[in-house]
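Visitor: Each chain, letter by letter, is given below.
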Amino acid sequence: MQYSVEINNVTKNFGKFSALKGVNLQIQEGEVFAYIGPNGAGKSTTIRVLLGILQSTSGTAKVFGKDAWRDAVEIHKKIAYVPGDVNLWPNLTGGEVIDLFVNLRGSHNKDLRKRLINDFNLDPTKKCRTYSKGNRQKVALVAAFASEVDLYILDEPTSGLDPLMEQVFQECVLEQKNRGKGVFLSSHIMSEVERLCDRVGIIREGEVVQVGTLDELRHLTRYAMTVATERAIEGLDKLDGVFDITKEPGGLHFHVDTLRMGEVVNHINQFGIKKLESTPPSLEELFMQHYKKEGA
Amino acid sequence: MDKYKREDWRNSNFSNTFLLTKFMLRRERFIALAWIIIFNVVVVGLVPGMMLAIDVDARVELASMMELPAMIAMIGPAFATIYEGFGALYTNLIFLFSVLTIGIMNIFLITRHTRADEEQGRYEVVRSLPVGRLANLSAAFLTAIVVNGAMSLIMGLLMFAAGDYSMGFAPSMLWGLIHGAVGLAFAALTALFCQLSSNSRGAVSYSFIALILFYFIRAAGDMNPDMAVLSLLTPLGLAVHAAPYASNLWWPLAVLLGASAAVAAIAYRLSATRDIDQGIIPARPGRAEASALLSTATGLSFRLTRTALILTLIGVFALGASYATILGNVDEFVATNDFYRNLLLTPAGIDFEAAEGMTTEELVTVLNAVVNAAGFNLTQLFASMVNNIMVLLTLAAPLLFVLRAKSEERAGRTELILATPTCRFKYLAGFAAISFAASLLMQIVLAVGLHSIAQGVIPNPGDLTLAFLFESAIVYVPAMWTMSAIAILLIGVAPKATGIIWAYYAYTFLVVFIGRLAIFPEWLVYTTPMGFVPQLPMDEVNPVALVLLTAVAAALTAAGFFFYNKRDINAVTHV
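Residue numbers (the working numbering), protein chains in the order written: chain A, 191 to 486; chain B, 140 to 714.
Any given hint could be a false lead.
Looking from chain A toward chain B, a few residues come up when the C-beta cut is under 10 Å (computed) [as the list claims (entries may be wrong)]:
id	residue
1	R238
2	G284
3	V287
4	F291
5	K300
6	I307
What the hints contain is simulated information worked out from the structure, not anything from laboratory work. Backbone N, C-alpha and C fix where the C-beta goes; we use that ideal spot for every residue, glycine too.
Bound-form chain A, shown alone:
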């Protein structure tokens, strides 16, 4: 299996502050990878190391097998980048900026450009100074998707878009995914992550604390259960992996570690199940748990 991105033990210090404390990540070619974590966790720093804009203090970062710092120009022929804060030249129009980026990346597909501008509902004749945050992001997104590249590095690219445009963005990502292109997506929008991404990496305080598919991550968390039985359940609170038991009109409500699910259901079964509802943790809950947890 070929890796599009390989990060080995990368650290990055800004003076005394260490933004990255030994990050490890492997992303396969053609994979849509979500990179999530709270603000200031080191997402943008990782991305900027990958882009060769920052030099890592130690460790190696490779993109398509090439060194992110040394071979930056070679690598950039095959990637497109959209930052979270899109800062554009106030006196250039959106159309001019799109052409600039596409030209610099060396490919120009006029029909694609036209279609994307239309899909994103962008007026390319306006000066960038008059664009809202969302419109500036659209400029960068159109420029990225109009370029012929193998990997899209997107740093919270939709934080200023409305739900309709968010939809257009997701279609664009899926289209690239179907064409076998990879996407490295940093995002806070869970529905986006859930719909688009093959795998998720969670970074906290400069360390990657979890990597896996969504299902794998769910295994590490708890299901919410509501149960009604013929007889009162005994000894539930003594089982390992059961938490937060409350009595509700519909029955007992509690949380179960995913790994203990089988034992718990077997135990409840003795008391004659009338109703059993289990809800997988929402992504928000999943991530909140990781964001808040002390250490991994």
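Fit chain B to the supplied structure of chain A, relying on the hints for placement.
Guide: Relative to the frame of chain A, chain B by itself:
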């Protein structure tokens, strides 16, 4: 509007104006204070020194110089004679540019608090509060009134305090108040343009175009008695016409204030009818697609600096041409003015003391003889001085062009370019190349500018050939390149400390300019690149020094690029 009762309209439109005014004054306090202090230090601060420096003979000379048509076009009608004393002379000399500067202050002040706030979305927040529809504009006007009022009074009092017997209290107050009134006129006009244009850049551009038009309409009116009324149709012409310390007319003050109020009323009217974020003149759509220029990083650097480069070249040409207007009677000017004589003759090593009781004509004859005996002529010496001073003045431009690489970085735009297959070398080289090319172009344009006018006004055109002017201007280029190269080195090594180049520029300016008067020890000029530049016609062109200087520039540039390639790119917007 007709849906609402007139009274309601009136009550609700201005509510909370005073609170907003207080807030604006708070935002304005440091800027306004800086303007008042710096402006007074420069304009009033010159008074005592000039009063001492310009003796009676020089005053006669100054008064007659201001009667020259070229001077009238530049600074307004000559109203000062030696009889009104220093105040009138000084006012005649600087009043137009002084009030014009206050006009510029107001263009920025009004735009900052109206259109720019609107563009940034701050005005929207203010409007969501219980604030009247016209309250913000009113508050901006009140702020302008307070700032201009303070400027006027402080300036008037300081002029009175600094002046001699010829500068009485009432005329001094007129001096200050005309400044404030011109300021308010431009405030009202800018407010009008802020309604017309949908963005702050447009409003500022329109205002500056108006200012420049006023300047030239006034010049046309002042130069042709038949069209004198033209001058009075402009705020600048009205201001100069008041002629403080000479005719002391107060009615231009009333006209200025009345006209400002009328223009402000139109601005109110338009402001009440337009929607937020809209201008009366609809914004022109820009290009939907980029021109071929924007297909490379270097093209982008050029595109970003193009307008500034063109304006700089026009400015250099105009400055060169206007210096050249003095060349016609430079010998009289130098013969009778100690300061200029020192500035011109000291670097040439000529000692000249004006003997007592000589007429100007005799002085000129003697002076020319002395200068010619030393192997020079005054025209060339003057051109040499102009070159020297122009380089000091205009050096800021190539520095700004190369420092654009750093301001782009801070604004978070460099990383967008470097995330494409553009190498850092190429990126920085774009700005460096523009800076280096600008230095060369500026010097060529300066020579052409000087030459264009000089040929018409100097008695012996052979004294100042284009070849001589080219040569004496181009020899500065390696030194200018060295300054840019130091900036490049700083961008590579210490991007947070690029301000050092401005300190070094200020130091260079001081050492070289004052160095002309042979006050400082001579070795001091060699601590700046300018010290190694041959000043024609006094010095020979020294190819070795020029090549070495170019080599130093190349080495510093190479070092800058080397370190730029190795360091992190830092945007201020990111952590």
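Visitor: State for each hint whether it applies.
Guide: Results for each hint:
1. Interface restraint check for R238 (chain A): the shortest CB-CB distance to chain B comes to about 7 Å, inside 10 Å, so the restraint holds.
2. A hinted interface residue such as G284 (chain A) counts as satisfied when its beta carbon comes closer than 10 Å to some beta carbon of chain B; here the least separation is about 9 Å, so the hint holds.
3. Residue-level restraint check for V287 (chain A) holds (minimum Cβ-Cβ distance to chain B is 8 Å; threshold 10 Å).
4. The closest approach between the C-beta of F291 (chain A) and any C-beta of chain B is roughly 6 Å, which is under the 10 Å cut-off, so the hint is satisfied.
5. Proximity of K300 (chain A) to chain B holds as hinted, the smallest CB-CB distance being about 9 Å (cut-off 10 Å).
6. Contact between I307 (chain A) and chain B, as hinted, is supported at the beta carbon level, the nearest pair being about 9 Å apart and thus within 10 Å.
Going through the hint list in order, the structure satisfies each hint without exception.
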